[in-house]
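Q: Chains Z, X and F supply the protein sequences, listed in that same order. Heads up, the first sequence is in the numbering used here, so the first residue is 5 and it goes up one at a time. Heads up, the second sequence is in the numbering used here, so the first residue is 4 and it goes up one at a time. Heads up, the third sequence is in the numbering used here, so the first residue is 246 and it goes up one at a time.
Just so you know, these hints were derived from the structure itself, not from any lab. Predicted model, so just to flag it, every value in this text is computed and none were measured. Any given hint might turn out to be false.
[Unchecked claim] Under the rule of at most 20 Å between Cα atoms (straight-line distance), these lysine to any residue pairs were calculated in the SDA-like manner: (1) X:Lys89 to F:Asp425; (2) Z:Lys395 to F:Thr374; (3) X:Lys109 to X:Asp29; (4) Z:Lys65 to F:Asp740; (5) Z:Lys417 to F:Glu586; (6) F:Lys713 to F:Asp740; (7) Z:Lys395 to F:Met682; (8) Z:Lys395 to Z:Gly373; (9) Z:Lys417 to F:Lys581; (10) F:Lys702 to Z:Val72; (11) F:Lys659 to F:Ala636; (12) Z:Lys395 to Z:Ala23; (13) X:Lys102 to X:Asp29; (14) Z:Lys65 to Z:Lys417; (15) X:Lys63 to F:Met682; (16) X:Lys102 to X:Tyr69; (17) F:Lys702 to Z:Lys417; (18) X:Lys102 to X:Leu114; (19) F:Lys702 to Z:Glu189; (20) X:Lys109 to X:Arg17; (21) F:Lys581 to Z:Ser186; (22) F:Lys702 to Z:Lys395; (23) F:Lys581 to Z:Glu189.
[Said to hold, decoys possible] Chain Z stretches covered by chain F per the calculated footprint, using a threshold of three residues with CB under 8 Å from any CB of chain F: (24) 136-144; (25) 372-382; (26) 437-450.
Yeah, the Cβ is synthetic: ideal placement off N, Cα and C, and Gly gets one too.
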Amino acid sequence: MRYLPLTASDRAEMLAAVAADSIDALFSDVPEAARLSGPVDLPRAMGEIEVERLMSRMAAKNVAAGSVPFFIGGGVYRHHIPAAVDHLIQRGEFLTSYTPYQPEISQGTLQYLFEFQTQVALLTGMEVANASLYDGATACAEAVMMANRVTGRRRAVLSGGLHPHYREVCETYARFVGFEVSAEEPPGGEDPACVVDRGTSCVVVQYPDFFGEVRDYSELARICHDAGALLVVVVTEILSLGAVRPPGEMGADIFAAEGQSLGNALNFGGPHVGLFATRDRLVRQMPGRLVGQTVDAAGRRGWVLTLSTREQHIRRERATSNICTNSGLCALAFTIHLALLGEAGLTRLARLNHAAAVSLAGRLEQIPGISLLNRAFFNEFAVRLPRPAAKVVEVLVGKGVLAGVPVSRFYPKNDAVGDLLLVAATEMTTTEDMDRLEAGLREVLS
Amino acid sequence: MSFLRFTKDHEWIRLDGDVAVVGITDYAQSQLGDVVYVELPEIGRRVERGKEAAVVESVKAASEVYAPVSGEVAEVNDALSADPAKVNADPMGEGWFLKLRVADPKELDALLDEDAYQRFVEEQH
Amino acid sequence: MNDWSRAVSARQSSDASYETFTGNRGLQIEETLIFEQDSPGHCGVDLPEPAPFTSRLGGLERQGKIGLPGLSEPQVVRHFTRLSQKNYAIDAGLYPLGSCTMKHNPRLNEKLARLPGLADIHPSQPVSTVPGAFELIDTLAHWLKTLTGMPAIALSPAAGAHGELCGIMCIRAALEARGDRRVRVLVPESAHGTNPATAAACGYTVDPIPADATGRVDGAALEAKLGSDVAALMLTNPNTCGLFEREILDIAEAVHRVGAFFYCDGANFNAIVGRVRPADLAIDCMHLNLHKTFSTPHGGGGPGSGPVALSEALAPFAPLPWIVHGPEGLELVEHKTGAAEKSLGRLKGFHGQMGMFVRALAYMMSHGSDGLRQVAEDAVLNANYLRARLADDLSLSFPGPCMHEVLFDDRFLKDTGVTTLDFAKALIDDGYHPMTMYFPLIVHGALLIEPTETEGKASLDRFIAAVKALTAAARSGDTARFRAAPVHTPRRRLDETTAARKPLLRWRPEPTRRQAAE
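Can you make the complete structure from the sequences, with help from the hints?
A: Structure, rendered in structure tokens:
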């Protein structure tokens, strides 16, 4: 078998060296009743040709986003990834390296994570960022738990504009970790004065929100702070920060986001990369890995994992979180993509996204029966259709168009949102794509 | 008159009137290594004998500092936030952690005196 | 006669070691941060400028600069290439890291994960447009259920620790469903830190169980601690000392007798995959690490994937989403309806780590049930070979054969003036990533070595020779080598104390330049 270097004679020689008659002797601690006499009932070993054939067949049954006009967003976005990104992350020294616990032989990883932390801090206007978490939804839950620790309070308010999956993850953690979340109804834009009181640990808002709306949260930040609560700002489309005011400038205390839009493919929802940032004064309450700058014995600048005593392998039951990993390679892809874009490229890419959405929104608004919900948006907006959006989307599948996400997919029991459709346009959306969507919608709705 | 006692968790306590100063011993700081951070309690907080009063962190470890006696936190050593290395350099002096208003001075009688503590430390090796 | 092709005689080169002018050393290049290489306005991606349009950002346009540096593609490629050259990696050498299972990461897996039909699909696409994705996930689930013998599996947790959280949450949900509020979770003292952290996060008091003289859970101590207020025992098997818990069936029975659940930390599944089904050990719940046993790459720290195998009793509480076999084929259940109404809800956005599912399934299919069984056998044989060959040099913590990893402690370094840490740093100079150190906590100065099955005998022999030589050096009083090590690496030992006392967690532009700009 191609991945197993030991030969039969190696095995014989090694068994002799360990004074065992057979390999079974080394499994003698296994209770007899639990010993399998032979391989389990699964296919036997296959060569590359066969494995590739089987898995390609499964892949071929799926409609790839790039093969059709594609308008789906809802927290995961289809963007161009420069060719260099995937080549670089596949270098064996990045792909197959371990967590940088031995800094002398991990400076590559540590330096790029330091660059990543800096990029996230710059993008968000926050002061310090960690080396990434699993995804945006878990980052959101971690933000709430951190706010609880900082304020000593146990009640978080989740805006109705927060991505439903993020809300659901917070609710799961709340139930088992022992705190409360009160979730406002969609579509968000709540009156801050009504949701914050002196028992609130934090208010969690999304920017742009699940319906694509872009709001200024400065007033909400002020109201939170007056009440001794923290403002948590969640971002699911990180590219938006190339065009809009950063949460740090609005008074956000904790920032939790999904970084997938930079460097990472759709991947059917994972692996992605959670971003997390906060103010310097709160850094010791931040979950996840942190890379810090220092010097080595020869006085040269270098990097190490630091403030590790917050983490599970040291504090054990007193850890800030049970998290053990970050999203390493996905964070690297993010870092490389953003390094390639730079200031000029990111702002231009953001403008392209917004321009595409503006163009598309303008066209869809003209279709009889369709109304746009948003006062403002970045690259995704919500439209109200004259009939259930899920059905319309299914019909458009038949026409070879992936028209967007029906909100009812996330809120199946909420009739008020049954005719809402989330539509995203990015730098990948062409005029032809928009023609096909517009034509399809006109036809279905006529 | 000063009154110095030690615990088996390597805290020291020095009673001066009705206020006691608490810190960790030289043995403790040498076991911990370079102290990087100290988490001190709020002034006014009530602590119970044997329960956590502070946390001391080195690069690779975080240790609870237990209150040797019960009392109320009267003062904390703010200088440690800027310079945690004081705990290593002068654990019995400038590296003090907190001052307690002692609830029951008799609780100190149950603790080890200097000789008993030295013997206890030697047994650890 | 020309002179442009004259050979260089080896005799002519001098042995002198000298400082270079640049700080570079041959292939090892000193590389600054991207922020220090800024060419303002530069860009490594060519993008068109959109035609003029009216912004609809609601007045929230970004004012002022972000502060990101501009670089060309050649600069970026060179930058990250140079960084990569400072890293150790499985591709480059053996990682004897106990508890991490650093096996070879097959490249076929990378190729398949990048097929457009798997990488370029959106989790919220209409279900009818991604039947192959559900088929793949279901196939993976089938393989994992068959290998573990368990009836159900939750695939969404993003990492091992996340899987532990999922497992303990399922257990708590099951207990609450039967009106049984319990408060303690028993965890061996040798357990990985995530175990107590997870239990505490879910509101349980962690009660440690000591090990016995053989390095296994002390059965009597366990019995004494069991009670009707115990929610679960979290056990790693084989345990973190590399030993199979012989009494596991008795342990399971005792745990179940008090109505508690038996959680198994599956980090060490590599030792028994294909030879033992955890279900036959009477466990209720077990997380798997796809990035350990099933070869998905560690990527410098992640991403991982931690599916959780569940018993019949725990299956109803599995987190969303579920992929179930319906009357018309595979169905995606995304809400707490029908059979999933008792689900504990979501632990993660969307469907889970699909990219890792693809890789793990390709790995499993490549090996097949026979190959996976061979994996466990070779992993165990390799570890025992190291044990036998190093037992006279290092100090073996527990007697007898081990499973896929072998535990030593620092008694062999007594009176040498060399610590486990120094020993590990010196091993780096000899070209190896150190073994796991100071874990598990139950022995002093632990050295936990796991070679995995993808190391050949020659590779192991070279490692053994290096360790033997280092041990001899330590014993002969060559402490200077150990204190200074590593010296041949891109960086020497780094000052972690200052890094923690004065955290510098991001690059900032120098004040003088900023002031000049103002």
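Q: The structure should be examined with respect to each hint, and the outcome stated for every one.
A: Evaluation of the provided hints:
1. Distance check on the hinted pair: Lys89 (chain X) and Asp425 (chain F) sit about 50 Å apart at the alpha-carbon level, beyond 20 Å; violated.
2. For the given pair, Lys395 (chain Z) sits about 14 Å from Thr374 (chain F) by alpha-carbon distance, which is consistent with the 20 Å threshold.
3. Taking the CA atoms of Lys109 (chain X) and Asp29 (chain X), the gap is near 25 Å; set against the 20 Å cutoff, the hint is violated.
4. For the hint linking Lys65 (chain Z) to Asp740 (chain F), the alpha-carbon distance of about 53 Å lies beyond 20 Å, and the restraint is violated.
5. With a CA separation close to 14 Å, the supplied pair Lys417 (chain Z) and Glu586 (chain F) stays within the 20 Å bound.
6. Taking the CA atoms of Lys713 (chain F) and Asp740 (chain F), the gap is near 29 Å; set against the 20 Å cutoff, the hint is violated.
7. Between Lys395 (chain Z) and Met682 (chain F) the CA atoms are separated by roughly 58 Å; this puts the pair beyond 20 Å, and the hint is violated.
8. Among the hinted pairs, Lys395 (chain Z) with Gly373 (chain Z) is consistent with the structure: their alpha-carbon atoms are about 15 Å apart, no more than 20 Å.
9. Taken as a hint, the Lys417 (chain Z) and Lys581 (chain F) pair is honoured in the structure, with Cα atoms around 11 Å apart against an allowance of 20 Å.
10. Annotation: proposed proximity of Lys702 (chain F) to Val72 (chain Z) is violated, straight-line Cα distance about 51 Å (limit 20 Å).
11. Between Lys659 (chain F) and Ala636 (chain F) the CA atoms are separated by roughly 16 Å; this keeps the pair inside 20 Å, and the hint holds.
12. Distance restraint check for Lys395 (chain Z) and Ala23 (chain Z): the Cα-Cα separation of roughly 69 Å exceeds the 20 Å cut-off, and the hinted pair is therefore not satisfied.
13. Distance hint between Lys102 (chain X) and Asp29 (chain X) is fulfilled; the C-alpha atoms sit about 18 Å from each other, no more than 20 Å.
14. For the suggested pair Lys65 (chain Z) and Lys417 (chain Z), the alpha carbons sit about 30 Å apart, so the restraint of at most 20 Å is broken.
15. This hinted pair checks out: Lys63 (chain X) and Met682 (chain F) have alpha carbons roughly 12 Å apart, not beyond 20 Å.
16. For the hint pairing Lys102 (chain X) with Tyr69 (chain X), the CA-to-CA distance comes to about 13 Å; that is within 20 Å, so the pair holds.
17. A C-alpha spacing of about 61 Å is found between Lys702 (chain F) and Lys417 (chain Z), which places the hinted pair above 20 Å, so the restraint is violated.
18. For the hint pairing Lys102 (chain X) with Leu114 (chain X), the CA-to-CA distance comes to about 17 Å; that is within 20 Å, so the pair holds.
19. Proposed proximity of Lys702 (chain F) and Glu189 (chain Z) is contradicted: the alpha carbons are some 62 Å apart, above 20 Å.
20. Using a Cα cut-off of 20 Å, the hinted pair Lys109 (chain X) and Arg17 (chain X) holds, with the two alpha carbons roughly 13 Å apart.
21. Between the alpha carbons of Lys581 (chain F) and Ser186 (chain Z) the distance comes to roughly 19 Å, so the proposed pair stays at or under 20 Å and holds.
22. Our distance criterion of 20 Å between C-alpha atoms is broken by Lys702 (chain F) and Lys395 (chain Z), whose separation comes to about 61 Å.
23. Restraint check for Lys581 (chain F) and Glu189 (chain Z): the C-alpha separation of about 18 Å stays at or below 20 Å, so the hint holds.
24. Against chain F, the stretch 136-144 of chain Z contributes 6 residues with a C-beta closer than 8 Å to a partner C-beta. That satisfies the three-residue criterion, and the hint holds.
25. A stretch counts as covered by a chain when three or more of its residues have a beta carbon under 8 Å from one of that chain; for the stretch 372-382 of chain Z and chain F the count is 5, and the coverage holds.
26. With 0 residues carrying a beta carbon less than 8 Å from a beta carbon of chain F, the stretch 437-450 of chain Z misses the three-residue requirement, and the given coverage is violated.
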